[in-house]
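A.B. asks: In case you want the letters, here they are:
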Amino acid sequence: MKSLFCLLVLSLSAFSQQMTDRAAARFLDQATWGPTPEAIAVLEKTGITDWLEAQYKAALSDLPDQPLLSSTGTTNENLAPVTAAFYQNAVNGPDQLRQRVAFALSEIWVVSQTTVPAAYAFPPYWRIFRDNAFKNYRDIIKAVTLSPAMGTYLNMANNNKANPAKGTAANENYARELMQLFTLGLIELNPDGSPALDSNHNPVPTYDQAVVTNLAKAITGWTYPTAPGATAKNNNPPYYFGQMFAVEAEHDTTAKAIFNGLTIPAGQTAEQDLDTLIDDLMAQPTMAPFVSQQLIQHLVASNPSPAYIQRVSEVFSGMHGALRPVIAAILTDPEARADDDAGATVSANFGHFREPVLFLASMLRGLNASVGPANTLNGYSQELGQNLFVAPSVFSYFSPQYQIEGGLLGPEFQINSTQTSADRANIVSTTLYGSLDKTTTLSLAPFVDQAASIGNLVNYIGYVFLHSGMSTVLTQAATAAAAAQSTPTAKAQAALYVILSSSEYQVIH
Amino acid sequence: MFTRRGFIRVTTASVGSLALGPFGLLPAMAQSASNYRALVCVFMFGGNDSNNSVIPMDDTNYKAYSSIRGSLALSASELTPTVYSTSNAPYAFHGKLPELASLFSSKELAVVANVGSLVQPLTRAQYQAAQVPVPANLFSHSDQQAQWQTSIAQGNGATGWAGRVADYVGAQKMNASTFPVFFSVAGNALLGTGANTQPVAVSPGGNLNLLGFNSSASSQARYDCLTSLLTTDSGLSLAQAANNTLANSINDATNLSNALAKGTPLKTTFPKTTLGEQLQQVAQIIQVASYLGMNRQIFFCSAGGFDTHGGELETHNALYPQVSQAISAFYSATQELGVAENVSTFTESDFNRTFQPTTTDGSDHAWGGHHMVIGGAVAGGQIYGAFPTFELGGPNDTDTRGRWIPTTAIDQYGATLASWFGIPDSVLPTIFPNFPNFGSQKLTFLG
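Chains A and P, in that order, give the protein sequences.
The first sequence maps to residues 1 to 509 in the numbering used here.
The second sequence maps to residues 1 to 447 in the numbering used here.
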């Protein structure tokens, strides 16, 4: 009796560790650029814990450094090799989780080519997020603040202290967005992401205009790295390799009253002021829910429950901004995993809409794509409103607060219009019936091979693209579309078209 | 929740009509130009420093302007020749806005000075003492962009003022068709989001047609499977939102391509810029408005890059010609189409910028700014509202950097436009809920 009990426990335990196709594919849709049969098999074998460990150590994908000048000697503004490499990495790179996290971070800490024309600025900037994706948020604050790309984008570079003779004041650009967009947000938050209210039940602003003006003073006195062969000046011209350095003569050393009653003391160097500021930012309890909610939205769900946000933000604050446990907490949270068991009841508001880059990359991964080094896939994400490295403003491609009808949050919907929703369906059509570009090839063979039985075909598409959980109506529609075709290839194409253009696929849930 | 617009038409549109675009679904509405009205918003994203768009040239103001603006001050050679208002006051436009200066001289352009987001009127003393409600999250791009579009300074407006106008147009059946009143050529815009009506967004030169279908039975079957899913409640809220947008797109596609097929090339030459192409598309839609069954339309265009914290003069020199030339070409196109009196174009932007420059030859986020309204119906060549006193720490400044407290509210600006568009006075407060806080006082730049 006792031994039987042990056996039962053992087998139950073993059973609970064996991931289903559904569970593995769902997880991969949250943690990678999309499931593939191979990736599903690997995850089923290793389980989530070992899979995460392997991903932390996976070989790094890179974006290639670009020449400073074009062939005609002007600033090289050609990002095509960089965006092509981005898509190669996304579709075929080994460090899938790192890339997804880095991309999410880069959509918070935006630098855009709209005001930084030099293409060579972007690979080093991207590496900040790649290299720190599993490190600490604090490291990202400092690395971005001293990045020459951000130096140009939000005027950190050559932001000299006020000049009374000229009647100028320190530039407020980076000071404001550092707080509003990168670290604190506009209002104080509870750990569960809800607004912290004052005694009159009003939200509490995290800062006011005076704090912006003062914080601007604290970050004066930084200039671009000195280019090789050039002579260092107080205000160097743009140069995008390396970090900015302090020029104390241009730093405002007065005391600065900042947020939450804190003061950056007088007489400090530029670097001391920056370190004090970052210490003070990291100490704000509102940072944990502010950052956690956005990371959840990028990876798992637009409308996480307050409890989910709280569980993650407690990890963020408890681990002092360490991102590896935060990412693990996001991906292994009961709310993220709730629908892993077929038949589980999940919130009707769960999931998030695939942003264009994720839509393209995941579709291509599922279709066994081979993506060449000269691919032009970014043209399609641009058509859908997500031109890589060219966000329209520091507010990124879409706002984490964007609301859809009925008041739900749906950030990615901000760029889903009547135009781009038609474009999205048309890109599915081009993928299946035409050619996305000259260097991207697909293999529909695994799908065509199943097409002798439409039931098997639709089932297989559901395994690759819909976590083995396709709804009855979508199954019926795809089946009907395939049944109206005559050849196995046409059946596979028709079923794939209906499924990949469906909202059930476009909304990861 | 799937009840937005008459989706039923999707299921009656055949695959053939989708691919070939035959006309006949819509009766070509006989419509006289005098009955048509359109508003065209040109949104300058980033916060245009309108302190440098139009400048009072009387000695007192220009001296204060030159002295305080320092490195940002435009010299005579960087300004248009002085133009005079109908009350004979001297002004100059930025030298890269010559077409707009010319429209001011010919009384087809009005300037509305120091307009911005307000809950209610307030003074510097009231602002500094925090005695009077002020707009939510002043000086924040996202919030102030939203407030210009919602006209709800308290924040959290879920619909845009033009969307609410569109709701009224829809409810009153002011158009012969259910094609969207709000037409964006610059993506989704809160301005046009209504409670009961949804905007349409089309890229310049684009259409909403679905590719890859023909009239074969196999193709038709695939198309029917695609569209059948749009009317099915999957139980997922976000999937329903995606379905609704694609359903709207399919719903609008045939009407749009049928109408555009009736268009003839415009003689007016538009600049090949983002804004030029957008406004060209707007003119082409206006040309075929009768085929869309439209008597009232609101269009949305935008240009970006106005967040000039640094290098402002160079940025303006690059951007302003685009704005000036595109708006001027569009006005010419409305003349060509015989609808100059029927179309009013107006500017919006996040906020004005600090009058005091930054150490990086730019300016920071501020508040009240100067805007322009262009059209044959505009009582142009005049300044409406009042310029602020050019003084740091002066009576119009929030602090010491020249962030002007607006003296005219967005609500007044919008209500004037909406009133001309055909919204009765009695309805204005439902569209502009703060309008009564300003004595329900419209401006007089449109008759």
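Honestly, the hints are just simulated from the structure, not real lab data.
Bear in mind the structure is a predicted one, so any value in this text is a computation, not a measurement.
Every residue, glycine too, gets a C-beta built ideally from N, C-alpha and C.
Watch out, some of these pointers could steer you wrong.
[As the list claims (entries may be wrong)] Stretch by stretch, here's where chain A covers chain P in the computed footprint (C-beta under 8 Å, at least three residues):
no., segment
1, 115-125
2, 242-253
[To be verified] Capping the alpha-carbon separation at 25 Å, the derived lysine to any residue pairs in SDA-like fashion look like this:
no., chain 1, residue 1, chain 2, residue 2
3, A, LYS166, P, LEU313
4, A, LYS166, P, LEU211
5, A, LYS166, P, LYS272
6, A, LYS161, P, SER216
7, A, LYS233, P, ASP425
8, A, LYS166, P, ASN317
9, A, LYS233, P, ASN61
10, P, LYS63, A, ASN163
11, A, LYS166, P, TYR65
12, A, LYS166, P, THR269
13, A, LYS161, P, GLY205
14, A, LYS438, P, SER71
15, A, LYS166, P, SER67
16, P, LYS272, A, ASN163
17, A, LYS438, P, LEU313
18, P, LYS272, A, LYS135
19, A, LYS233, P, SER71
20, P, LYS272, A, SER112
21, A, LYS166, P, PHE213
22, A, LYS161, P, LEU211
23, A, LYS166, P, ILE68
24, A, LYS161, P, ASP425
25, A, LYS161, P, PHE213
26, A, LYS45, A, GLY469
27, P, LYS272, A, THR75
28, A, LYS166, P, PRO395
29, A, LYS166, P, ALA76
30, A, LYS161, P, ASP399
31, A, LYS57, A, PRO325
A.B. asks: Now tell me if each hint is right for this structure.
C.D. replies: Structure-based check of each hint:
no.: 1; hint: 115-125; verdict: violated (count 0)
no.: 2; hint: 242-253; verdict: holds (count 10)
no.: 3; hint: LYS166(A) x LEU313(P); verdict: 17 Å, holds
no.: 4; hint: LYS166(A) x LEU211(P); verdict: 59 Å, violated
no.: 5; hint: LYS166(A) x LYS272(P); verdict: 39 Å, violated
no.: 6; hint: LYS161(A) x SER216(P); verdict: 70 Å, violated
no.: 7; hint: LYS233(A) x ASP425(P); verdict: 62 Å, violated
no.: 8; hint: LYS166(A) x ASN317(P); verdict: 23 Å, holds
no.: 9; hint: LYS233(A) x ASN61(P); verdict: 38 Å, violated
no.: 10; hint: LYS63(P) x ASN163(A); verdict: 21 Å, holds
no.: 11; hint: LYS166(A) x TYR65(P); verdict: 14 Å, holds
no.: 12; hint: LYS166(A) x THR269(P); verdict: 44 Å, violated
no.: 13; hint: LYS161(A) x GLY205(P); verdict: 47 Å, violated
no.: 14; hint: LYS438(A) x SER71(P); verdict: 50 Å, violated
no.: 15; hint: LYS166(A) x SER67(P); verdict: 10 Å, holds
no.: 16; hint: LYS272(P) x ASN163(A); verdict: 41 Å, violated
no.: 17; hint: LYS438(A) x LEU313(P); verdict: 43 Å, violated
no.: 18; hint: LYS272(P) x LYS135(A); verdict: 46 Å, violated
no.: 19; hint: LYS233(A) x SER71(P); verdict: 21 Å, holds
no.: 20; hint: LYS272(P) x SER112(A); verdict: 23 Å, holds
no.: 21; hint: LYS166(A) x PHE213(P); verdict: 65 Å, violated
no.: 22; hint: LYS161(A) x LEU211(P); verdict: 57 Å, violated
no.: 23; hint: LYS166(A) x ILE68(P); verdict: 9 Å, holds
no.: 24; hint: LYS161(A) x ASP425(P); verdict: 51 Å, violated
no.: 25; hint: LYS161(A) x PHE213(P); verdict: 62 Å, violated
no.: 26; hint: LYS45(A) x GLY469(A); verdict: 20 Å, holds
no.: 27; hint: LYS272(P) x THR75(A); verdict: 23 Å, holds
no.: 28; hint: LYS166(A) x PRO395(P); verdict: 23 Å, holds
no.: 29; hint: LYS166(A) x ALA76(P); verdict: 20 Å, holds
no.: 30; hint: LYS161(A) x ASP399(P); verdict: 19 Å, holds
no.: 31; hint: LYS57(A) x PRO325(A); verdict: 15 Å, holds
The structure does not agree with the numbered hints 1, 4, 5, 6, 7, 9, 12, 13, 14, 16, 17, 18, 21, 22, 24, 25 stated previously, though it agrees with the rest.
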